[in-house]
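Asks: Listed here are the chains, written in short residue letters.
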Amino acid sequence: DAKTTQPPSMDCAEGRAANLPCNHSTISGNEYVYWYRQIHSQGPQYIIHGLKNNETNEMASLIITEDRKSSTLILPHATLRDTAVYYCIVRVAVGFQKLVFGTGTRLLVSP
Amino acid sequence: DAGVIQSPRHEVTEMGQEVTLRCKPISGHNSLFWYRQTMMRGLELLIYFNNNVPIDDSGMPEDRFSAKMPNASFSTLKIQPSEPRDSAVYFCASSLAGAGSGELFFGEGSRLTVL
Numbered sequence: 001d002a003k004t005t006q007p008p009s010m011d012c013a014e015g016r017a018a019n020l021p022c023n024h025s026t027i028s029g030n031e032y033v034y035w036y037r038q039i040h041s042q043g044p045q046y047i048i049h050g051l052k053n054n055e056t057n058e059m060a061s062l063i064i065t066e067d068r069k070s071s072t073l074i075l076p077h078a079t080l081r082d083t084a085v086y087y088c089i090v091r092v093a094v095g096f097q098k099l100v101f102g103t104g105t106r107l108l109v110s111p
Numbered sequence: 001d002a003g004v005i006q007s008p009r010h011e012v013t014e015m016g017q018e019v020t021l022r023c024k025p026i027s028g029h030n031s032l033f034w035y036r037q038t039m040m041r042g043l044e045l046l047i048y049f050n051n052n053v054p055i056d057d058s059g060m061p062e063d064r065f066s067a068k069m070p071n072a073s074f075s076t077l078k079i080q081p082s083e084p085r086d087s088a089v090y091f092c093a094s095s096l097a098g099a100g101s102g103e104l105f106f107g108e109g110s111r112l113t114v115l
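As they're listed, the protein sequences go chains S and V. Per the numbering used here, residue 1 is the first one in the first sequence, and the count goes up by one each step. Per the numbering used here, residue 1 is the first one in the second sequence, and the count goes up by one each step.
In case anyone wonders, no lab produced these hints; they're calculated from the structure. Don't take every hint at face value.
Below 25 Å or equal to it, Euclidean Cα-Cα: the simulated DMTMM-like pairs (lysine to aspartate or glutamate) are [what the hints assert, rightly or not]: (1) Lys68/V x Asp57/V; (2) Lys3/S x Asp56/V; (3) Lys24/V x Asp63/V; (4) Lys3/S x Asp63/V; (5) Lys3/S x Glu66/S; (6) Lys98/S x Glu44/V; (7) Lys98/S x Asp56/V; (8) Lys52/S x Glu83/V; (9) Lys78/V x Glu62/V; (10) Lys24/V x Asp57/V; (11) Lys3/S x Glu103/V; (12) Lys78/V x Asp57/V; (13) Lys98/S x Glu103/V; (14) Lys3/S x Glu83/V; (15) Lys98/S x Asp57/V; (16) Lys3/S x Glu44/V; (17) Lys78/V x Glu44/V; (18) Lys98/S x Asp86/V; (19) Lys69/S x Glu14/S; (20) Lys24/V x Glu62/V; (21) Lys68/V x Glu83/V; (22) Lys98/S x Glu14/V; (23) Lys69/S x Glu103/V; (24) Lys98/S x Asp63/V.
Please take these sequences and the hints and turn them into a complete structure.
Replies: Structure representation (structure tokens):
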């Protein structure tokens, strides 16, 4: 699996958009970009994933650059409950594939 | 629907004792993963199964660790003998591989303390 690079920490004001970047310059053509988050003391939770098109769901939006070497997870209106560690992972989606976590970005949402 | 169920939620034991952690995956899922999380090493994948067969156990620290999946609805992770450095939160996750997003669903974890 391709490696990813994320900033170790970020801050965001409550109600503002949180934009979390991820670099994955060695991503292969068949690898997807996945985002998970882990709220303190809980198991990681899936947020969103994409291949090359931008994706949106009820939790977040995922913007992938045209060359697919980087992406941004957007939480449009961050709340205090979005304080968590966010992990960007690239992996092949089909078949039986493992998910390898890096160190992630610790997002702190403040009032 | 019930999610991934892990037991026990907390375990405190003494060095040298055997520890068994249990996991019930989501019904219908065909892949199961065991992870360990510590402050120093983050989330580490220990082993994963597909259709009850171990596929990759390269993350298992040493022979003291073993994992089994006797059927599609149950898995165990055993540490024998346990050591203080095994203290961690152990997560189990399951997914339906080959369909949809391949999203992993995690349990709430088993916090192990070895004295």
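Asks: Please go over all the hints and tell whether each is borne out by the structure.
Replies: The hints, checked one at a time:
For a cut-off of 25 Å, the pair hint linking Lys68/V to Asp57/V stands: about 11 Å separates their Cα positions. Between Lys3/S and Asp56/V the CA atoms are separated by roughly 19 Å; this keeps the pair inside 25 Å, and the hint holds. For a cut-off of 25 Å, the pair hint linking Lys24/V to Asp63/V stands: about 24 Å separates their Cα positions. Of the supplied pair hints, the one linking Lys3/S and Asp63/V is violated, its CA atoms being roughly 28 Å apart against a limit of 25 Å.
Taking the CA atoms of Lys3/S and Glu66/S, the gap is near 18 Å; set against the 25 Å cutoff, the hint holds. In summary, the hint linking Lys98/S to Glu44/V is supported, as the alpha carbons are separated by about 11 Å, within the 25 Å threshold. Distance restraint check for Lys98/S and Asp56/V: the Cα-Cα separation of roughly 9 Å lies within the 25 Å cut-off, and the hinted pair is therefore satisfied. Restraint check for Lys52/S and Glu83/V: the C-alpha separation of about 45 Å exceeds 25 Å, so the hint is violated.
Of the pairs offered as hints, the one joining Lys78/V and Glu62/V holds, with about 12 Å between alpha carbons and a cut-off of 25 Å not exceeded. Between the alpha carbons of Lys24/V and Asp57/V the distance comes to roughly 19 Å, so the proposed pair stays at or under 25 Å and holds. Distance check on the hinted pair: Lys3/S and Glu103/V sit about 19 Å apart at the alpha-carbon level, within 25 Å; holds. Our distance criterion of 25 Å between C-alpha atoms is met by Lys78/V and Asp57/V, whose separation comes to about 13 Å.
Of the supplied pair hints, the one linking Lys98/S and Glu103/V holds, its CA atoms being roughly 11 Å apart against a limit of 25 Å. Taken as a hint, the Lys3/S and Glu83/V pair is broken in the structure, with Cα atoms around 31 Å apart against an allowance of 25 Å. The suggested pairing of Lys98/S with Asp57/V holds, with an alpha-carbon distance near 11 Å, which does not exceed 25 Å. This hinted pair checks out: Lys3/S and Glu44/V have alpha carbons roughly 15 Å apart, not beyond 25 Å.
Proposed proximity of Lys78/V and Glu44/V is supported: the alpha carbons are some 16 Å apart, at most 25 Å. Among the hinted pairs, Lys98/S with Asp86/V is consistent with the structure: their alpha-carbon atoms are about 22 Å apart, no more than 25 Å. Of the pairs offered as hints, the one joining Lys69/S and Glu14/S is violated, with about 29 Å between alpha carbons and a cut-off of 25 Å exceeded. For the hint linking Lys24/V to Glu62/V, the alpha-carbon distance of about 24 Å falls within 25 Å, and the restraint holds.
About 20 Å separates the Cα atoms of Lys68/V and Glu83/V, which keeps this hinted pair within 25 Å; it holds. With a CA separation close to 32 Å, the supplied pair Lys98/S and Glu14/V exceeds the 25 Å bound. For the proposed pair Lys69/S and Glu103/V, the alpha carbon gap of about 22 Å is at most 25 Å, so the pair holds. For a cut-off of 25 Å, the pair hint linking Lys98/S to Asp63/V stands: about 22 Å separates their Cα positions.
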